[in-house]
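Going down the list, the protein sequences come from chains A and B.
Numbered by the working numbering, the letters in the first sequence go through residues 1 to 306 in order.
Numbered by the working numbering, the letters in the second sequence go through residues 1001 to 1227 in order.
Hints may contain errors.
With a straight-line cut-off of 30 Å between C-alpha atoms, the simulated DSS-like cross-links for lysine-lysine are [to be verified]:
| # | chain 1 | residue 1 | chain 2 | residue 2 |
| --- | --- | --- | --- | --- |
| 1 | A | 6 | B | 1198 |
| 2 | B | 1198 | B | 1090 |
| 3 | B | 1074 | A | 6 |
| 4 | B | 1090 | B | 1077 |
| 5 | B | 1077 | A | 6 |
Think of the hints as simulated: they come from the structure by calculation, not from any bench.
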Amino acid sequence: MWVAFKRVVRAGLVGFWRSTFVSFASVFVMTIALFVIGAIMVIDQLLGASLQQIESKVDINVYFNINASEADMQALQTRLESLPEVSEVTFTSREEALEAFRERHRGDELTIQALDELGENPLGASLSVSAKDTSEYETIARFLEEQRAEESPQTPVIDRVNFVKNKEVIEKLTGIIGVVERASIITMLILVSAAVLITFNTIRLAIYTSREEITVMRLVGASNTFIRGPFMLQGVLYGIVSGVIALIVMYPVLYWLGPGTTTFFNFNIFHYFLSEFVYFSSVIVGSGIALGLVSSALAVSRYLRA
Amino acid sequence: MIYFDKVSKWYNDKESVALENITFQVAPHEFVSIVGHSGAGKSTLLKMLIAEDRPSEGSVFYESLDIHRIPRGKLPKFRRKIGTVFQDFKLLSNKTAFENIAFAMEANGRDDSEIAENVPQALALVDLEDKAWNFPHELSGGEKQRVAIARAIVNQPDIIIADEPTGNLDPIATYEVVQILRKINDLGTTVIMTTHNKGVIDELERRVITMDSGRIVRDDATGKYVL
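Make a model of the complete structure from these sequences and hints.
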């Protein structure tokens, strides 16, 4: 039993090394396909992380009328905090708002002068409301609109509610992510099909090259496993080799891109790759093995009738 | 041991009939020669026996086992009981004589120690010990056929089937090959051989089945070549 297994493995290795140029083509295409799969995994994580970040930065800002009373502002804050959708409410006083304004426009002489001209603080206090989930912002915005409608026109409390713009950003980003995902899946499918086709052809060629041996094997009564095994193994070997090469290529590419992604997305894809390396390599090499098996199974079933 | 029961084979809706109502038996340890013109159906008949092809009608029995009822997966096991020799030798050109014979054992899952023991014995039986490490292209036609016979017997099959084994050989090689087959038969293996070599048949003086246009026309216990 073990002897037969060793012989099948040896035959598979021989087949792998024998047709070097054709094997090279197969490995090349499969490596590209696996590399793309790896890239998709990384990009997916990257976009997911950025989306999360933006979502966490998104909030609703409520700007108070400059004449609004402490009591009214406090009351609104309490009511907001009691909402189940709200995770946090931060109050910025008029003075704090003025300070922040001055900081932001520090180098801008004209604006600072204009402010000094005014003499008094033109800014109102504000509340920053964070939701537990981005989908809840709608509900909170509606609540605020209701609050505003209930106010008496003589004592306006809420000046304006700033939300719409942020919602647009989120929707746009979600849209972009959707498009990127669809495009990458299509690309992946195309490359995977190419890899399977080329490997299928390579194995078929290997079968053809060994046709004398196969005829004799059948005549002397070799089992189907003995005849088919080496070709299946050849397919698996292509998958493993391609997977390993894809991983080796990914390493420097991600290393090089790591700092860039940190700057733009605050997410270092190289560190992610390293920390999830076991998962990554299993998926990529596993996919390679799966692709190889499928290709060789197809070739064997077509060209090696029982 | 072998029983052909009203076996017929046709192609294209009976347009061409290869075998017609073939019925005969072969007992263990027999040496049977099947003769006939080209196209008489000799090779088709042998194909039926090794399950290379199915009959359109009738059954082939091997020791009360219907050959064509054997499931696909079990066919290899059945084929191991039958050693085959062909006119074109069917040797692997990139393996030496020893390796060609060993290949038959490897394909049957025998381990290296068994191979080391049995292959030299097979080579001795066909008188080719000194050519064990030659490649087929370094051997004469007769020597190649002897390697093929050694490969056929190395797994100790019950029966040897030889399809025109001397077709590509000169008279001397022909004689040598037939002597080897006779020796193998004397040692207990059933032999079924097809040929259209008159000299071989006459010299053997064993059972001769004569075929013509897919039918058996004569079956003599100690036949002569009569067509």
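Hints, verified against the model:
1. Of the supplied pair hints, the one linking residue 6 (chain A) and residue 1198 (chain B) is violated, its CA atoms being roughly 48 Å apart against a limit of 30 Å.
2. Under the criterion of a C-alpha separation no larger than 30 Å, the hint pairing residue 1198 (chain B) with residue 1090 (chain B) is consistent with the structure, at around 24 Å.
3. Pair hint residue 1074 (chain B) plus residue 6 (chain A) holds up; C-alpha atoms about 22 Å apart against a cutoff of 30 Å.
4. Restraint check for residue 1090 (chain B) and residue 1077 (chain B): satisfied, since their Cα atoms lie roughly 20 Å apart, inside the 30 Å limit.
5. Using a Cα cut-off of 30 Å, the hinted pair residue 1077 (chain B) and residue 6 (chain A) holds, with the two alpha carbons roughly 20 Å apart.
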